[in-house]
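Engineer: Each chain, letter by letter, is given below.
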Amino acid sequence: MRYQPVIGLEVHVQLKTDSKIFCGCSTRFGAEPNLNTCPVCLGLPGALPVLNRQVVEFAIMAGLATNCSITPTNIFARKNYFYPDLPKGYQISQFDLPICLAGHLDIAVGEQTKRIGITRIHMEEDAGKLVHGQGGGSGVDLNRAGTPLLEVVSEPDMRTADEAVAYLKKLYQIVTYLGICDGNMEEGSFRCDANVSVMPMGSDKFGTRAEIKNVNSFKFVKAAIEYEISRQIELIEDGGTVVQETRLFDPAKGITRSMRGKEEAHDYRYFPDPDLVPVVISDEWVDRVKNGLPELPETKYQRFLSQYGLPEYDAEVVTASRTLADYFEQCAQACGNAKSAANWVMGELTRSLNDNSVTIENSPVSPAQLAGLIGLIDKGTISGTIAKKVFEELWKNGGDAATIVEQQGLAQVSDSGAIEAAIDQIMAANMGQVEEYRGGKEKVFGFFVGQVMKAMKGKANPAVVNDLLKQKLAG
Amino acid sequence: MELYEHTIHTLHQQLKLRQVSSVELTKALLARIAATDPSVNAFITVTSEQALADAAAADARIARGDCAPLTGIPVALKDIFLTEGIRTTCASRMLENFIAPYDATAWARLKAQGAVLLGKLNQDEFAMGSSNENSAFGPVHNPWNRDHIPGGSSGGSAAAIAAQQAIATLGTDTGGSIRQPASHCGCVGLKPTYGRVSRYGVIAYASSLDQVGPLTRDVTDAALLLGAIAGHDPKDSTSVNCPVPDYTAALTLDLKGRTIGLPKEYFIEGLDPEVQQAMQQAIETYRRLGAEFVEVSLPHTSYAVATYYLIATAEASSNLARYEGVRFGHRAKDTAGLIDLMMRSRSEGFGAEVKRRIMLGTYALSSGYYDAYYLKAQKVRTLIQQDFTNAFEKVDLLLTPVAPTPAFRIGEKTADPLQMYLSDIFTIPVNLAGICGISVPAGISDAGLPIGLQLLGRPFGEETILQAAYSFEQATDWHTKKAAL
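If you read the sequences in order, they're chains A and B. Residue numbers for the first sequence follow the numbering used here, so the first one is 502 and each next one is one higher. Residue numbers for the second sequence follow the numbering used here, so the first one is -9 and each next one is one higher.
Since the hints were derived computationally from the structure, they do not count as laboratory data. It is possible that part of the hints are untrue.
To be verified - Listed below are the simulated BS3-like cross-link pairs for lysine-lysine, each with C-alpha atoms no more than 30 Å apart in a straight line:
| hint | chain 1 | residue 1 | chain 2 | residue 2 |
| --- | --- | --- | --- | --- |
| 1 | A | K580 | B | K472 |
| 2 | A | K890 | A | K955 |
| 3 | A | K630 | B | K366 |
| 4 | A | K630 | B | K323 |
| 5 | B | K366 | A | K580 |
| 6 | A | K630 | B | K345 |
| 7 | A | K580 | B | K369 |
| 8 | A | K580 | B | K323 |
All chains should be modelled from the sequences, with the hints used to inform the complete structure.
Structural biologist: Structure (structure tokens):
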């Protein structure tokens, strides 16, 4: 029998606010344990939550960018359960009235576009974390407790691990474009639970699903889902049944494992949090957020095609992230040569960033510096080969391209007198090859170009060299 | 007249004119506490040293010509208010050694005026109870008759006033916990409108019902103290941002044209005859003062107690989840793993009534029961609110008894929690509706126990009920009667 996998994702997006969702504590990652805490996020007796307005604003942005409707009256609910990293014994979340409902994202599947439904997006607070094995016991670090999260729940619309990854990347691109998430997956700013089930091909009744918790890279999501699909199929083929359970992905072994002991059906006893008042979101508020939304990836892509005449491939690459797109656009506008700017951004710049593990935000070469370099090529002051050297210089020591070219005497020589002199010398020294050329062996032409460029230390204008060589060799 | 018998407003004049010092006053009260508390048990913690230091600071402040209404006035707080650096137990073994790391907003506001804290007052554990018998620190004895309960849960706050151990106190009222003990102890107790006073730093019992309020010797002090603690607090989302009037300015004697409603559901058979009689006399007094009476109906009254015990316990079951022995509070010894640690810490730390309510509330919120209990209770709550809204369209305020009987004997109702719960029948609807209410002394039973009168007002109608309470107080002498200790 052949099987049809069914996949739905729940993504936790950590919001890039300065302070936590219900108190004024910093959300900074990596502080000393329990440093970024106060009576509210420690869950001390008598402490009360006060909602961070920025969180609501970010949630509205996410909802609008994913085609959701925005719920006018928002209620926070308490999700009750005991765990040492949950200081109040309940998590403040949203239950039956989440802020965003019924949206979708379109992903590319081969040549086709597929629409993935988004069931809901709700606001909630993160828990702290347990630190095991220090001083013989376990510790609780509550720095993360109260960090604002959006939980984005998709419909079970995906059928392959690749579709799941495509959806996830699209969502990632959107929240980072919006500037509401720093996108740091290693630090857990964007993490995913995958619900996976399989059913016989052609069936319309979903199989029992397993939930794979907290996967935090695109690679792992793909591996975890693929493993889980084959595990479930093998299980069924062997006459077993899939049980509804929570599983963990082990990246080292590439397998998922049952989280035993946490499987009893939870009764979270949700009820509206009496400490918080309903959040009413007016149409005006939504409109204001809508008008302030940054350009989203799809729109930017289309605009780059039309405004800059970029090929589709280039437009897609440079719009992969908002920072890359911004870099490209600043560079293109400064130098006036969009295609060339795209080539440099996709080529030398990306290569140098990757080789040195530097993010584009921290690139030592600014868009203006790169534009200056491209300008010199376009004016014929330097050749492409020299330009790469100048780029390296800019990367290492900064400065501006024109000054580097001038100080290091790298300007291209177009003066025919100097080039003619070099050609004469080389022809005189290589009469044999001159004869060969004149005898019809045109391949030797390349040899002469190389020799001339070498004699001119690479600075000769290649076009001028070509023209003069042809004339002279013709005799 | 002894210094400890005075009111805030009379002492303020004396302090301002430097006829008395705060240190003298504080010493007098500390001595009174030492003399009387062994038989009353109103205090869990007495902060003598800190009180004297604060009194000296208050005297210095007064000497600089800065004397706010509460500067130098010795007060005490129900042990549910967090007080920085001072043990805050909520009358529970769970928090027996919990030193609060910050101040509750209500206390911070008094502190800013230079009030002097004498100590922390006994109460029912986590404010759950009507008799102050549910305290891990022993019951409070009614100063009027020590075989009787003082009422609860703010039993210590009321008894300390009656025993003249503090000039004024703060309590909290979730289903009558200020008004009922005030009634039983012969003092004035005000439950403000929900949202009038910040709940920040007040240990939560039932968040949608809890409200902070004053217990005082007279109505003027209640108005003064309310003015000092009321107002928006950015740390409490449910505190309402509306201006705080000068409540003392409302204390006039003119009741002409006022219409007072008598809810027929509150004057029922089974009401203690002496309570009934005190209400009749109060009505006569108000008639003489020019008020008119009409009968009104609050038809959903009979559902209030059941509604309260679903909503309050549901919220409590969640509010008390944070006490699990991991970060603070009681931690069981020699536990085998996490679950054992949490379960045993809670089993050992909480008293019987607290456990009973946690279980009730957990049940009410459980999947499969939520709609039938919690959700239904919320709907009834709306109907009860509507009852009051309708009544206030016809009348300016309502007059009712506070409790069906004067204070009962210690141990009389502990065996029957339902009987105990029913003693709050006249106070509970007020919390469900979120409106304001005040208890003022209105009689003394043949057995020598005080009887209180309850006045209820519209949301943020504190001025109306304070004025009516003041008029009554000025026309009678019940507030001048004192417990013989």
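Engineer: For every hint, state whether the structure bears it out.
Structural biologist: Structure-based check of each hint:
1. A:K580 x B:K472: With Cα atoms ~50 Å apart, K580 of chain A and K472 of chain B exceed 30 Å; violated.
2. A:K890 x A:K955: Distance of about 16 Å is within 30 Å: holds.
3. A:K630 x B:K366: Since the Cα atoms of K630 of chain A and K366 of chain B sit roughly 37 Å apart, the hinted pair is violated (cutoff 30 Å).
4. A:K630 x B:K323: 24 Å, holds
5. B:K366 x A:K580: Roughly 20 Å separates the two Cα atoms, so the pair holds.
6. A:K630 x B:K345: At roughly 29 Å apart (the allowed maximum being 30 Å), K345 of chain B and K630 of chain A satisfy the hint.
7. A:K580 x B:K369: 21 Å, holds
8. A:K580 x B:K323: Holds: K580 of chain A and K323 of chain B sit about 29 Å apart, inside 30 Å.
In summary, the numbered hints that this structure violates are 1 and 3.
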